[in-house]
Amino acid sequence: MRGERAGVDWVSRRVTTNGVVCVSWQQVSLGRHYAGSRCDVHVDGELLRFYIGDILVKTAARTSAGEVRNKRALRTSAEP
Numbered sequence: 006m007r008g009e010r011a012g013v014d015w016v017s018r019r020v021t022t023n024g025v026v027c028v029s030w031q032q033v034s035l036g037r038h039y040a041g042s043r044c045d046v047h048v049d050g051e052l053l054r055f056y057i058g059d060i061l062v063k064t065a066a067r068t069s070a071g072e073v074r075n076k077r078a079l080r081t082s083a084e085p
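So the mapping is simple: the working numbering equals the position in the sequence shown, first residue as 1, plus 5.
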């Protein structure tokens, strides 16, 4: 499913040690048990959808209107 997650509406983040993911300055808690995991985020208008692997972990309302940057656009998911 990773190949389908390309495009301007997808970004990749790493879950912090306290279980939080930040997208466009908005912090969303996914839970500490996901700490260190790679998370793909689908930015869809007013929604953020957080996927870890093929599992939709959380859907959250988008509270920011700023640009969403892909911080590591040149890295692949196989890299640490």
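Derived by calculation from the structure, the hints in this document are not laboratory data. Careful: at least some of the hints might be erroneous.
Said to hold, decoys possible - Below, simulated DMTMM-like cross-link-like pairs (lysine to aspartate or glutamate); rule was C-alpha separation at most 20 Å, straight line:
no., residue 1, residue 2
1, Lys63, Glu9
2, Lys63, Asp14
3, Lys63, Asp49
4, Lys63, Asp45
5, Lys63, Glu51
Predicted model only: the values in this text are computed from it and were never measured.
Now the hints, each set against the structure:
1. Lys63 / Glu9: 19 Å, holds
2. Lys63 / Asp14: Roughly 16 Å between the alpha carbons, so the hint for Lys63 and Asp14 holds.
3. Lys63 / Asp49: 13 Å, holds
4. Lys63 / Asp45: 11 Å, holds
5. Lys63 / Glu51: Holds, at roughly 14 Å.
Violation of the numbered hints given earlier is absent; every hint is satisfied by the structure.
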